[in-house]
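Quick mapping for you: the protein sequence lines, in order, are chains A and B.
As numbered in the numbering used here, residues 701 to 899 make up the first sequence, in order.
As numbered in the numbering used here, residues 701 to 899 make up the second sequence, in order.
Keep in mind that the hints were calculated from the coordinates and are not lab data.
The reader is advised that the hints may include incorrect statements.
Identical copies look the same in the list; a pair holds intra-copy or inter-copy alike.
[Unchecked claim] Pairs of lysine-lysine residues, derived as BS3-like cross-links and limited to a Cα-Cα distance of at most 25 angstroms, are as follows: (1) Lys724 / Lys790; (2) Lys724 / Lys753; (3) Lys826 / Lys836; (4) Lys867 / Lys826; (5) Lys753 / Lys867; (6) Lys790 / Lys826; (7) Lys836 / Lys867; (8) Lys790 / Lys753.
There are 2 protein chains.
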Amino acid sequence: MQYFPAALQELSDQFARLPGIGGKTAQRLAFYVLSLPMEEAQNFADTIVAAKKTVHTCPVCQNLTDREVCSICNDESRDQGLICVVAEPKDVIAMERSREFNGVYHVLHGVISPLNHITQEDIRIKELLQRVGSGKVREVIMATNPDTEGEATAMYISRLLRPMEIKVTRLAYGVPVGSQLEYADEVTLSRALEGRQEI
Amino acid sequence: MQYFPAALQELSDQFARLPGIGGKTAQRLAFYVLSLPMEEAQNFADTIVAAKKTVHTCPVCQNLTDREVCSICNDESRDQGLICVVAEPKDVIAMERSREFNGVYHVLHGVISPLNHITQEDIRIKELLQRVGSGKVREVIMATNPDTEGEATAMYISRLLRPMEIKVTRLAYGVPVGSQLEYADEVTLSRALEGRQEI
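Please construct the entire structure, taking both the sequences and the accompanying hints into account.
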């Protein structure tokens, strides 16, 4: 026997399909939406459709945008010859927060991950090669996450870029600012030693 | 500076308003919705509006339904003189799973909770009194949660029902079936002793 009205059950099922949302949480969210005024529920629904309709990837850097070309690629004051390669749109935000980078980005939308069946064809490497191939790029900074898959992806891409005779760099490894040496792991410490700089 | 397209930020904000969903999770959900095919995103949006439009409370028992009167209240084979009072629609489901109860329900939509500013006016007590006042009810079983607020609500309602000269009962307290005595708390054990029955 079905205890919930069909429409409520369906809403709960929709929430349960979202990543990290289990059956009980989905039910709770569905009840919450039902408790909203009609206007706010309609607003929620409209926002989903609007986001899906207006947001797309920038044809240049592949970051998410609602304009034809994203605001960073369109910014004349930024160095279009310096590309920072990141895995996800949220990494662009992290880089921008540092206020140190004045180049442009390239968002891969993932990293190569054989375990998750994500190959080099599934992420935006081809687009990066085309951009670099256009000849206006001086340097590519690899800024994928410093974990196994991020490293492997950076290595793979840098090997593809080597014949193009541009500078390919990687974010420095080292001890995080504000951290304590006693809690730094061995690998980070040995990388920090290797990369030591004169003061 | 704004790093996300406005529509994406707005979708993320909408998710962040849901109970138990923080900023980071909301962002992840918004990205997920963007990654869906247009058809599925539209479907999600439609489901929200459809649930909100078709689901309402049953005018008799206050449970959620998409019919005029809910299927339980409408069921001629059920004992309309026996009302089980529960706090939430999901408690109806829990009771129905036991397959032991053949009466009807009354859903309060909450319990009296001074700490959360929920008074007796905010839950569906008035509707219960009207139902009982109609004269067709023999017995009311209080089945709110066995916690402080559930108990207090049950006590409050039973006091209101006393002048109406009907039987008012409470679910039995005792050791849960399948549990182990060594882990039962003192209060549960003493209630189980008090309520002991001949075998």
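With 25 angstroms as the alpha-carbon cut-off, assign the pair lysine 836 and lysine 867 to within, between, both or neither.
Answer is within: at 12 angstroms inside a copy they meet the 25 angstroms cutoff, but 86 angstroms across does not.
At most 25 angstroms between alpha carbons: which applies to lysine 753 and lysine 867, within, between, both or neither?
For lysine 753 and lysine 867, the Cα distance exceeds 25 angstroms both inside one copy (38 angstroms) and across copies (59 angstroms).
Up to 25 angstroms between alpha-carbons, please classify lysine 867 paired with lysine 826: within, between, both or neither.
within (18 angstroms within a copy, 76 angstroms between copies)
Classify it for me, lysine 826 with lysine 836: is the Cα-Cα distance of at most 25 angstroms met within a copy, between copies, both or neither?
Answer is within; shortest intra-copy Cα gap is 17 angstroms, inter-copy 75 angstroms.
Checking lysine 724 and lysine 753: alpha-carbon separation at most 25 angstroms within a copy, between copies, both or neither?
The answer is between: 23 angstroms across copies meets 25 angstroms, while 30 angstroms in one copy does not.
25 angstroms Cα threshold - placement of lysine 753 relative to lysine 790
The answer is within: 20 angstroms in one copy meets 25 angstroms, while 36 angstroms across copies does not.
Same-copy or cross-copy closeness of lysine 724 to lysine 790 [CA-CA at most 25 angstroms]
Cα proximity of lysine 724 and lysine 790: across copies only (10 angstroms, versus 29 angstroms in one copy).
Is it within, between, both, or neither for lysine 790 and lysine 826, if the alpha carbons may be no more than 25 angstroms apart?
Within one copy only: 21 angstroms inside, 51 angstroms across.
Hint check: a violation occurs at hint 5 only; the rest are consistent with the structure.
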